[in-house]
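Using the sequences and the hints given, assemble the complete structure.
The chain contents come next:
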Amino acid sequence: MLETVTKKEATVLFAGDSGDGIQLTGTQFTDTTALYGNDLNTFPNFPAEIRAPQGTLAGVSGFQIQFGSIDVFTPGDQCDVLVVMNAAALKTNLLLLKKGGIIIANTAGFDAKNLRLSKYEFNPLEDDFLSDYKVHSLDITKLTRNTLKESGSSLGQKEADRSKNMFVLGFIFWLFNRPLNNTIAFLETKFASKEGVKEANIGLLKAGYNFGETSETFSTQIEVKPARLKTGVYRNIQGNEAIAIGLIAAAKKSGLELFYGSYPITPASSLLHELSKHKNFGIKTFQAEDEIAAICSSIGASYGGALACTGSSGPGIALKGEALGLAMMLEIPLVIVNIQRGGPSTGLPTKTEQSDLLQAMFGRNGASPIPILAAASPSDCFQTAYDACKMALEHMTPVLLLSDGYIANGMEPWQFPTADSLKEIEHKIPKGPIEGNFLPYQRDKNLVRKWAIPGLKGYQHRIGGLEKEDLTGNVSYDPDNHEKMTEIRAQKINNIAHFLPNASIDSGHPNSKLAILGWGSTYGAIKTAVRDLNAEGIPAAHIHLKNLHPFPPNLKEVLEQYELVLVPEINDGQLIVLLKNKFDVVFEPLNKVKGLPFTSTEILRHVKTLNKALLC
Amino acid sequence: MLTTSNGETKRSGKDFATDQDVRWCPGCGDYSILKQVQSTLAETGLKNEDIVFISGIGCAARFPYYIESYGMHSIHGRAPAIATGLKISNPNLSIWVATGDGDCLSIGGNHLIHVLRRNPDLNIIMFNNEIYGLTKGQYSPTSPIGTISKSSPSGSLDTPFSPLKLCMGAEATFIARSMDRDPVHLRTTLLEANQHQGTSFVEVYQNCNVFNDGAFFQYSDKKSKADTTIILEQNQPLLFGEEKEKGIILDGFQPKVVHLGEAVGHADLWVHDAYDPVKASLITQYFDDPNNDLPKPFGIIFKKERPTYESLIIEQMNASKSAKGEEHLDALLSGENTWTVS
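Heads up: the protein sequence lines correspond to chains A and B, in order. Here the first sequence stands for residues 1272 to 1887, where the numbers follow the working numbering. Here the second sequence stands for residues 8 to 349, where the numbers follow the working numbering.
Simulated from the structure, these hints should not be mistaken for laboratory data. Just so you know, these numbers come straight off a predicted model, no measurement behind them. Check the hints yourself; a few may be wrong.
Claimed, not checked - Heads up, simulated SDA-like pairs for lysine to any residue below, C-alpha to C-alpha not over 25 Å straight-line: (1) B:K54 / A:T1743; (2) A:K1550 / B:P314; (3) B:K143 / A:P1750; (4) A:K1702 / B:E312; (5) B:K328 / A:G1371; (6) B:K54 / A:I1700; (7) A:K1461 / B:E334; (8) B:K54 / A:P1701; (9) A:K1501 / B:E343; (10) B:K42 / B:Y226; (11) B:K21 / A:I1705; (12) A:K1420 / A:L1388; (13) B:K328 / A:E1545; (14) B:K54 / A:P1750; (15) A:K1550 / B:E333; (16) B:K303 / B:L336; (17) A:K1721 / B:S101; (18) A:K1548 / B:T315; (19) B:K42 / A:G1729; (20) A:K1550 / B:M324; (21) A:K1501 / B:V348; (22) A:K1548 / B:L336; (23) A:K1550 / B:E250; (24) A:K1523 / B:N325; (25) A:K1523 / B:V217; (26) B:K21 / A:K1550; (27) A:K1550 / B:S329; (28) A:K1279 / A:S1490.
Stated by the list, open to error - To spell it out: a stretch of chain B is covered by chain A in this simulated footprint if at least three of its residues, at any positions, have a beta carbon under 8 Å from a beta carbon of chain A; those stretches are: (29) 93–100; (30) 191–205; (31) 336–349.
We put the beta carbon where it would ideally sit given N, CA and C, even for glycine.
The following block contains the structure:
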């Protein structure tokens, strides 16, 4: 007898070898889930090696998705369903499974070799070891081979085994009672030119679904009803894709050509991939010989009148440091994207961290102020990239945009804007002929200079990294001038604060004594923790900073309302350094440096350890 | 600006001078190069506003301040990368890179080889004085082994680069050499460099009279010049000497000096062809090797027609536009899969 359990939210974690097609399986499940109408949030977690040794703990690739009929802000702290393609995947992820959760295990991945590689001294599937969970052991490899054999597929065994992820996906679709049509359409396009592969994959997807329906092992389906999202039109979006679209949108709205200079680096490369697909938008992408050439070519393009952007991750940003100082000194528009990863040095390339904030703030020689923005979620990457471009162009300054590996690869539904609704962007290229002598460092009331680009008659001028004389921009070693220019450059950036939205409470209790102040990708975890705290009757408010330099103009007043401001960060305490330097407020750090995002539970539990007087 | 008898205006080097005081050491070879560059610009007919000079760091890098055009005095070694980005963003500009042997071959060596293989339409003038001047006298990547300098009091150990050989290896499409003390040759070479569609690399021997005085005097001194230099001209035999009594023949792949006479005539000599990559390789391989007793070659060593980087970028962009059509921002924002919550 088939029964259906209804849940408000569910978390599924697909895990297997990095060659098992886990990311594709996860993405397909995500797309269908979105089209079904759930709110969702994903977290792909993969090893740095493209094909790490098969069956090893280091080679496990994971894709986690939380989806719900209620608002979902994180990929889920613990999962309800864990799909493991081998023993290593079980070992690495078992702690993430809720007690009583479902394990779907491919028994072919638990042979003697796999057990040895994953350092199990026994077979966890054949033991009481997993008695706290509902274990479904299936020989997915054999089921796949048999399915293909029966259908007379022409696929060789290696290719056949590679398609087993579609059997799994089909089965999970059945478990959550989801339609197959979206994935079938995807496979038809993906393998349009490979008839045999296409038929095999579609056949396996259906076989997996039918197996769920006919096999009597499974008596329960899980129902997660569509969410009541705000009405409107949605799509799924990944963080880096959203940045790319944000840059293109800003170029279109400002009437400029987009130039993107970059050197491949994890996890920023997908920005270059995405932008290079859209050449028909008049985008010029440039894969430079190194990180320095990537930013320098962008400086050249900006000097020439393009909306220029360069993207990288921490180690690359370190290499760009000197050129960043040049862009600051030249006072030209430039957007520098840092998709942060675990540091220091090469660190943890495929893992996430927020540890480049102080690098963004101080990582250059001399007094070299540059505005900093941080994106809070995959979809927020769009608006943040757009705002960074607007700021760079309107204030004639390089702007640093911080994202991280977590939201760069994570996915969520996005109620995308129309082109018309985007804010206008004005650039500072002079219109009309020159009157009198051109003074390259003459400024308007916001201390912003003109963007006189080569080709404009009468505006010829020379600029460079040497200190310049006020107004003329001529080289100057005058001591008073240097001090004055240092102050002007700092003031110019501080002036941007007047154009920023005020800081406000994102969610939570309006009159609490405790505020949780976050920045960047901790947004979802903090928001969920605050929601759950409030539900338990513990008052707390969530404030999220998007502008890290300069801060929003009212931040002092907002923070002074609280007795304690808790600052969770995926680093060893960086924003808190900046806050303590500026505000006379009691701040408490909450740090995690494991290459992984916060779970909302971690934040919630920490809050409960605070002085009870603060929590009423 | 000069006005000729028939009322036409003719521009002169002065039209490309700025109001800035030139601050090189008195007697520096840079003064001559500046003058020849300004005169060359006047001859090209280019408008001041369409010209950009980009430099890095070093004595040569002061160049942009002295040319009435757009200019950027950037950071050490990076001028080729900045110039590449600028050229891609605005292919209509005439972009010149002024650089030195340290800036171009040491700290900026990586950018040099990559700009050459990509071939954007730029003119790179590399002032080679075989020494670091601005940092006050350390040996450079072109200093001969054993150079006594502030950082090598016992003599430098590093084998120097032949810049021209490096350019051949980096797939350059225009490689030339000239000298500060030969203004006519320098102007002619720069004009040709400017006409070339692609990255032109011109090495200019430049005397640093403070830290490396006389490094190239043997090539300009009246007494030695005829025997130590050879001027390469397209389709002309390789001749040198006071009376052009000496020439170069190719003995297999080995260039050899011969005296013209009954045994060897003009017809036996190596004829210069800058379009011949084998000959150009032999010139850069043998003539710059101090162990070979061969004269120093000046002129256009190698030339090749190859599409410029920026033209290829535009080609791809146009191909994408005609294949996909001019995309609309709203289509990009929505992507292919949307759903409606009502």
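Cross-check of the supplied hints:
1. Only pairs whose Cα atoms come within 25 Å are accepted, and K54 (chain B) paired with T1743 (chain A) is accepted, the gap being roughly 22 Å.
2. Only pairs whose Cα atoms come within 25 Å are accepted, and K1550 (chain A) paired with P314 (chain B) is accepted, the gap being roughly 19 Å.
3. A threshold of 25 Å between alpha carbons decides the hint, and for K143 (chain B) with P1750 (chain A) the separation of about 24 Å falls inside it, so the pair holds.
4. Note on K1702 (chain A) and E312 (chain B): the hinted pairing is violated, with a Cα-Cα distance of about 38 Å set against a maximum of 25 Å.
5. In summary, the hint linking K328 (chain B) to G1371 (chain A) is not supported, as the alpha carbons are separated by about 55 Å, beyond the 25 Å threshold.
6. Straight-line distance between C-alpha atoms of K54 (chain B) and I1700 (chain A) comes to about 20 Å, which keeps the hinted pair within the 25 Å bound.
7. For the suggested pair K1461 (chain A) and E334 (chain B), the alpha carbons sit about 22 Å apart, so the restraint of at most 25 Å is met.
8. In summary, the hint linking K54 (chain B) to P1701 (chain A) is supported, as the alpha carbons are separated by about 19 Å, within the 25 Å threshold.
9. With a C-alpha separation of about 20 Å, the suggested pair K1501 (chain A) and E343 (chain B) falls inside the 25 Å cut-off, and the hint holds.
10. About 20 Å separates the Cα atoms of K42 (chain B) and Y226 (chain B), which keeps this hinted pair within 25 Å; it holds.
11. A hinted pair counts as satisfied when its Cα atoms are at most 25 Å apart, and K21 (chain B) with I1705 (chain A) qualifies at roughly 22 Å.
12. Restraint check: the Cα-Cα separation between K1420 (chain A) and L1388 (chain A) comes to about 30 Å, which exceeds 25 Å; the hinted pair is violated.
13. Restraint check: the Cα-Cα separation between K328 (chain B) and E1545 (chain A) comes to about 16 Å, which is no more than 25 Å; the hinted pair holds.
14. Using a Cα cut-off of 25 Å, the hinted pair K54 (chain B) and P1750 (chain A) is violated, with the two alpha carbons roughly 37 Å apart.
15. Our distance criterion of 25 Å between C-alpha atoms is met by K1550 (chain A) and E333 (chain B), whose separation comes to about 10 Å.
16. The suggested pairing of K303 (chain B) with L336 (chain B) is violated, with an alpha-carbon distance near 59 Å, which exceeds 25 Å.
17. Taken as a hint, the K1721 (chain A) and S101 (chain B) pair is honoured in the structure, with Cα atoms around 22 Å apart against an allowance of 25 Å.
18. Distance check on the hinted pair: K1548 (chain A) and T315 (chain B) sit about 22 Å apart at the alpha-carbon level, within 25 Å; holds.
19. About 22 Å separates the Cα atoms of K42 (chain B) and G1729 (chain A), which keeps this hinted pair within 25 Å; it holds.
20. At roughly 5 Å between alpha-carbon atoms, K1550 (chain A) and M324 (chain B) fall within 25 Å of each other, so this suggested pair holds.
21. Our distance criterion of 25 Å between C-alpha atoms is met by K1501 (chain A) and V348 (chain B), whose separation comes to about 7 Å.
22. For the hint pairing K1548 (chain A) with L336 (chain B), the CA-to-CA distance comes to about 14 Å; that is within 25 Å, so the pair holds.
23. In summary, the hint linking K1550 (chain A) to E250 (chain B) is not supported, as the alpha carbons are separated by about 60 Å, beyond the 25 Å threshold.
24. A C-alpha spacing of about 17 Å is found between K1523 (chain A) and N325 (chain B), which places the hinted pair at or below 25 Å, so the restraint holds.
25. Taking the CA atoms of K1523 (chain A) and V217 (chain B), the gap is about 53 Å. The hint is violated against a cut of 25 Å.
26. Under the criterion of a C-alpha separation no larger than 25 Å, the hint pairing K21 (chain B) with K1550 (chain A) is inconsistent with the structure, at around 43 Å.
27. The straight-line distance between the Cα atoms of K1550 (chain A) and S329 (chain B) is roughly 11 Å, inside the 25 Å bound, and the hint therefore holds.
28. Among the hinted pairs, K1279 (chain A) with S1490 (chain A) is consistent with the structure: their alpha-carbon atoms are about 20 Å apart, no more than 25 Å.
29. For the segment 93–100 of chain B, the assignment as covered by chain A holds, since 7 residues bring a beta-carbon within under 8 Å of that chain's beta-carbons and 3 suffice.
30. For a cut-off of 8 Å, the count of residues in the segment 191–205 of chain B with a CB near a CB of chain A stands at 0, and the three-residue condition is violated.
31. Coverage of the segment 336–349 of chain B by chain A holds [criterion: at least 3 residues with CB-CB distance below 8 Å; count 12].
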